[in-house]
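Visitor: Letter by letter, the chains look like this.
Protein chains: 2
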Amino acid sequence: MPNMLNVHLVPHTHDDVGWLKTVDQYYYGDRNDIQHAGVQYILDSVVDQLLKNPDRRFIYVETAFFFRWWKQQSDGMRQTVKQLVNEGRLEFVNGGWCMSDEATTHYSAVIDQMTMGLRFLNETFGPCGRPRVAWHIDPFGHAREHASMFAQMGYDGFFFGRLDYQDRDRRRTDKDQELLWRASDSLTPPMADLFTGILPNGYNPPDGFCWDQSCDDPPIRDDPDLEDYNVDDVVNRFLMIASGQSLVYKTNHIIMTMGSDFQYENANLWYKNLDKLIHYVNARQANGSKVNVLYSTPSCYLQELHRANLTWSLKTDDFFPYADNAHNFWTGYFTSRPALKRYERLSNSYLQTCNQLEVLGGPFSGSGPFGHDDSWTMRRAMAVAQHHDAVSGTEKQHVANDYARRLADGWQHCQVVVSNSLAALSGSSAKRIYCDNLNISVCPLTESSHKFSVNVYNPLARPVTWPVRLPVNGTAYTVLDANGKPVDSQVVPVSGATRQVRKNRGSAANELLFQVQAPPLGFSTYSVSLQRRGPPPASTRPRTPPAIQNKFLRATFDPDTGLLSSLSNLETKQTIRLTQNFYWYNASDGNSSVSNQPSGAYIFRPNSSTPFVISRTAKTESLQTSVVQEVRQWFSPWVSQVVRLYADSRALELEWTVGPLPVDDDLGKEVITRLDTSIDSSGIFYTDSNGREVLQRKKDFRPTWDLEQTEPIAGNYYPINSRAYIKDDVNQLTVVTDRSQGGGSIQNGSLEIMLHRRLLYDDVRGVGEPLNETSDVFPEGLVARGRLLLTLDRPQSAADTHRPLAQEVVLQPLLTFTSGDLHPNTRLEFSGLQDALPPAVHLLTLSQWGEDSVLLRLEHQYQSGESKQHTQPVTVNLQKLFSTLEVLGASELNLSANQWKEEMTRFDWKIRAGEKPRPRRPADPSVWEVTLKPMEIRTFMLRVRLR
Amino acid sequence: MPNMLNVHLVPHTHDDVGWLKTVDQYYYGDRNDIQHAGVQYILDSVVDQLLKNPDRRFIYVETAFFFRWWKQQSDGMRQTVKQLVNEGRLEFVNGGWCMSDEATTHYSAVIDQMTMGLRFLNETFGPCGRPRVAWHIDPFGHAREHASMFAQMGYDGFFFGRLDYQDRDRRRTDKDQELLWRASDSLTPPMADLFTGILPNGYNPPDGFCWDQSCDDPPIRDDPDLEDYNVDDVVNRFLMIASGQSLVYKTNHIIMTMGSDFQYENANLWYKNLDKLIHYVNARQANGSKVNVLYSTPSCYLQELHRANLTWSLKTDDFFPYADNAHNFWTGYFTSRPALKRYERLSNSYLQTCNQLEVLGGPFSGSGPFGHDDSWTMRRAMAVAQHHDAVSGTEKQHVANDYARRLADGWQHCQVVVSNSLAALSGSSAKRIYCDNLNISVCPLTESSHKFSVNVYNPLARPVTWPVRLPVNGTAYTVLDANGKPVDSQVVPVSGATRQVRKNRGSAANELLFQVQAPPLGFSTYSVSLQRRGPPPASTRPRTPPAIQNKFLRATFDPDTGLLSSLSNLETKQTIRLTQNFYWYNASDGNSSVSNQPSGAYIFRPNSSTPFVISRTAKTESLQTSVVQEVRQWFSPWVSQVVRLYADSRALELEWTVGPLPVDDDLGKEVITRLDTSIDSSGIFYTDSNGREVLQRKKDFRPTWDLEQTEPIAGNYYPINSRAYIKDDVNQLTVVTDRSQGGGSIQNGSLEIMLHRRLLYDDVRGVGEPLNETSDVFPEGLVARGRLLLTLDRPQSAADTHRPLAQEVVLQPLLTFTSGDLHPNTRLEFSGLQDALPPAVHLLTLSQWGEDSVLLRLEHQYQSGESKQHTQPVTVNLQKLFSTLEVLGASELNLSANQWKEEMTRFDWKIRAGEKPRPRRPADPSVWEVTLKPMEIRTFMLRVRLR
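Just so you know, the sequences run in chain order A and B.
Each residue of the first sequence is one higher than the one before, starting from 1 at the first, in the UniProt record's numbering.
Each residue of the second sequence is one higher than the one before, starting from 1 at the first, in the UniProt record's numbering.
Among the clues, some could well be false.
Because identical chains cannot be distinguished in the list, a pair is counted as satisfied if it fits within a single copy or across any two copies.
[Said to hold, decoys possible] Straight-line C-alpha distance at most 27 Å; calculated DSSO-like pairs for lysine-lysine:
no. : residue 1 : residue 2
1   : 52        : 71
2   : 276       : 71
3   : 933       : 868
4   : 82        : 52
5   : 52        : 276
6   : 290       : 175
Because the hints were derived from the structure by calculation, they are not lab data.
Turn these sequences into a full structure, and let the hints guide you.
Guide: Put into structure tokens, the structure is as follows:
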């Protein structure tokens, strides 16, 4: 109502797709001793209650749960729910499979999970089921790339609940809690513009108005014959809260989230009292009250904001890091559970490979010599792993185990698809062996076989070379490529660190190393034979070499300390001082006069800003062969590293092994590695957002408010999804990571990355467990191993190296093995593409959609301005893409593939008065030729048939 | 099914009408911080869920809650519920306003509350709403009188959950958990026969099968696509439990109570899983399983037991005391909250008076010079006070306060009715003053007035004489009766004990004493004038008199100790040695190697079997006047007593004042008075059951099993509702109490009664508070005052005294006051009866029913054999009953007035093979003349009009 303060009550439930319980425990309401929560009952109850009063509204968010429920409903119930959706009484918001984490997820997995959830809604409910609003009420900080994706998915607006407390205070004062987020430096506005609203109470109801069964607020007692009639009190309290809230928002519409975690299991409690609240508050209008309360939804509220036709402030940075108070920075989860974070990233690579081969192998993939199967299990496992308490590492241990188990299970299913598909493409049904433990040099086949072949499948749309390391027990092997040509190979001893980590899970003495090449979206097959009388393997020398070097890079070492001392790019002839070492922060145990906040799964709070060095010197061994050069550094029983340079690599690899972190001193430890350089970085460093665009980070600074820095370390940490760099005018040192990690640049020229954490106290944000990972294999504490890839370049060309390098880490080749000789008719090499795509173009998605349709996403992988070579628009011809698939038709979709691009209309928002309409995007050259501008992702539904 | 084990699943909720929260807090779901419970939502939810599957069943018990809910339902919902009731899907069981306590309630209040609840069901739902089964699943021991009442209310059977653990063990072994209870020694079988079943798990579901939101048992997870499919496990566990249970019951039908305290707030959880359980368990029948599960109700289960046509064992004693383990006797609540127990008993007297005057005053009662009102508030207050956590004293303090407040509020409403009615009957609209604090000598009117009148209304159907004590400040008064004749009066000083108790609530120096007489169901008016020059009041003498004595009794005192030393009946010329003193048991604090059970609101557990004497000697004062003789005994600052003998009384009054019990020694105290006599009682004593029939109690003995006595004191305590006695061949000492109390006879010739308790520990039965009563007036601890009335008689005639005496205590005269002179036309005397009823007949109920109908209950108040004079059948003519009401019609009802007596049919149960049908009751002499046999209560609906 125009002359009223309109209060939009939004009944909602926040259903974590796993946290204290597993996703299925939450669905069924099992293990209520851990947390009372049962989503099946929530949906049962809400539908019942919506039917009782047509004014009532509800929003539902997590399709992972809705899907489970829908499966079990009768036709009658399904019709009922469709009607509720059609009438807008039940509205889906967000609608992805889960509400993804924003700090530790990779954009490709987020797009996949959103697509999966939204597809289900689209196919089940049609356009009325398409969410108009993105809803990330719980994630612990907000990534700009998420906003960009949401904009491209067609959402009209975005609401969230958590942001830095200083930021919130400033925004409340300035009535700046609703704003326009311009979420890309590259994409032409309004392509990545997203209207963003900050909810008033996180996602909870105002104090005193929680009527869920999990709350104790007084119900409305409106029978005057009974004790404690309280209608007047409730109405007065509500009016006071509404009027207070209206002071910190711009329009005469305000929103209240009436719900919280797993609420509405008994929706009657909420709705019965909300019905009364609305009735009695609006009844006051007869006495002149100017407050109008209504059941509403975020999209309805958003519509009113849009109708207000105001101008909104523009935001171009992001909402990291998130602090809920002065000593409570949620920057620990950037690194929490490093092993799960890596396994999730690796699983994404598996899934993309599985998806691609499901398409390329045609119907044989799903039904072939290795059985019937599909990628569905793996897709779901990856989708739930994107949840903001999954890959974030903020779940209970048993739940983390469940996520990992689901991924492993998904991969089992995908192996059937991959085996079938490779059989179809190669013409050989020989059994394929998968070795998932190559990172610890375990593979029973290669360890024992005299003759085997290795199929290397490359999921990238350009050819790659890739170093292969296989555990073996022989001392010399012959390796032939697909053309029967010998390949240079070396046998080197398994490192002591690897032996220590693998325990009794394998017994290979050596590793066979060789470089493989694989065609775009295709495979190449190498055969390996034991050469009985080969020379003894290259042995390590117990000393620090002055340097290791290939044609691109040279890294020097300090002979006294065994540490790196410099890095040079031999092509560009640039050199920086570079020392690198390992340290640990002593995690706060909460016993402090400043704050009782301990470090935990969410929160990083070092006890002191000065980390302890693990060892000033490293014991070293070195190894120099034609394939690889290594310096193996040993810092302590729980920290070691291999500094490695492959013959053809433009990146220096630091393979770190950290753990088990000792805690017998009762001190929680957060281990970092720090790179100290001569680069004059001026307190600035750069991190990527969800693996895509890069944001500048400045020490003790926030772009949108005057920061009072209260945590000199934790308050300067940011999520690193795939890369971080420091630079000055001439040098840029880029670190590409193999998983999400947290990091910061605390000193000039320095970059630190947190690798592993082991904590002894819960950080009181709900998870109720200290982050103290152990496992059956590692009862003494989990060991994590990973790789940092370092490149040194001129700033203006650094992206030319780190963009493809990071893609190779994200989508790594899949090795499959076959024992003995291959059948002579076996096809040893295959590419699914007619040609490699241009260097700027990344094939983001290729997956089966319907029987004769596939989903394709092409991405321009460079930001505007970051490369001289690659930041031009590129055009790709869809009909000339595939070698074995004929493209019969192509229609463009929004990013989440739930709407035709041409039908996508979004609200327009003003950032200044009198703005002019923006020019339309220029048309593609032709219907088949599509042009990608920097950072664009274009999504197509292709109708295809096998050639 | 005949060849199956049939498992009757009975979905139910147990909704305490106040316990940890007040009845209205429970209804609304307020104060869920104390206990999560909201009955409005339970009923909402159950109705919804019953509609989803016609197989589902539910039983509802407490009409206090159902009434609150029904009031707020729409017509549509009411129709829906009626349909569910008509179809047997929603079944009422028990159906009283509450589930009454059995140990501490008086039969008249129980009958009233049952009548109120059942009337509501009858009028709302007709015959389908009439409960067939009594259901006392929670009360802490079971009274025989309750069983008798239930039989006379027409119930086919009775189920309960709690009984002594030794009793249960024996019954399980002997398959004797279902039996026929013959609940009266006087009534002709099967009038008081009640089939009684002991439920298998208290009233809870079997272990692992609680699917309420308040439970954590695993739900049935039957989607094979999700984790942890558990159908097989659930079915196997259920079959094992069912087969175990079938071993301890007689038939191939067993019952399982699927519910518990305040469960089914979200009934979907229960029903969804029960639907699945039934489906999957019965699906096993296809594989040969012989177990059939079904939704059922207690009446349906009972019908199957009846159909089994077996013979059942006969029980004639009761189920007191209740112990749930060796050191856990629930005998403390017999005395817990003595002040509340007295106030409840007094309120019953008020309510009966209010009911009677509402009838006798006709339409004027509800609408007269003092306003519009009725007895409804008081009826409801009394009804909820019968709940097994109300008058029992086992509720939280704030809830006890709420019960008291409701009674006080009820009495406020009744005062309007009483004033109106007395105005109509007396012809005077003069304002009537009520003095509710005469027990502590507080009444502002009498304290200050020079002239006032006292109207004495007698609710008994026979004339009474009654000693009146009024607080005054004068020293001499003239008292005239209704005929203007002077009445002997005395002014005596207020005792020190009374001054101490009343604190600053009054300032009377003296008490004016005189004996009043009041006609049956009527009043007499006395006028009192200050006699300015009267003599000084009778003064007390600081010494122990050798004896006090009237024409009936003589009590002697030991001059050394100040204690009673003997009691004589001067008519029968019998004398016993009688010493009486006060002691306290040290309440167990739970710190004991034997058991960690503390004494608490429920449980009595003295730390030692030897109580501490409070003082071996009493300081005494004495007072001897023509109206009364008193010995005032002072034992300690917290125990005093007045031994009192009125001129016309056959009972020696012991007015005890106990409290505040000191606890600064950190010892909980349970204060008793003990009467030690020369009676040779052989370990036997007698207590009444709910104020009616008397049961024999034998030390360390139970009639139905070999008792292993583990608590020599607490295990010998029994509830005393209105009287207890010890006797030998020649002497019977009877003690009539003014409230329910616990007591025992631990030594030969001895009788102890617990008066007051103050405890420092919770007894871990849920109430969560120590029984440590304080109040605004008594922050240092509650003081309780009460009276024990002692009579000494020959055993064969003792009832002739104690029956009428106890009735006078239960239904005591109501005094109302008028200031100044009465209008000359005022009618000073009135009786509602044409004549006093015969001495054996008690007018139990006279209350308005409809506009021209009243409910009448007449009761034969003697047991067969207990009196030579009075145990003959007595006939009363209903048409000649009332003086001002013409009885136009009379129809007999069952005891609870929800069924015509002639339509009342109950199941017949066999206690031995080949029993013959019992002879029919002989007919009444005529339609108006009704005959009462010993202990019979007959209930009539009378059509009346004012003469």
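Visitor: Does each hint hold? Answer for all of them.
Guide: Here's how the hints hold up against the structure:
1. Taking CA atoms no more than 27 Å apart as the test, residue 52 paired with residue 71 passes in both settings, with 24 Å inside one copy and 19 Å between copies.
2. When the C-alpha separation of residue 276 and residue 71 is checked against a cutoff of 27 Å, the pair qualifies only between copies, where the shortest distance is 16 Å, while the shortest distance within a copy is 34 Å.
3. In the homo-oligomer, the alpha carbons of residue 933 and residue 868 lie at most 27 Å apart inside one protomer (14 Å), although the nearest pairing across protomers, at 114 Å, exceeds that limit.
4. For the homomeric pair residue 82 and residue 52, the shortest alpha-carbon distances inside one copy (16 Å) and between copies (19 Å) are both at most 27 Å.
5. In this assembly of identical chains, residue 52 and residue 276 lie within 27 Å of each other by CA distance both inside one copy and across copies; the values are 14 Å within and 26 Å between.
6. When the C-alpha separation of residue 290 and residue 175 is checked against a cutoff of 27 Å, the pair qualifies only within one copy, where the shortest distance is 21 Å, while the shortest distance between copies is 70 Å.
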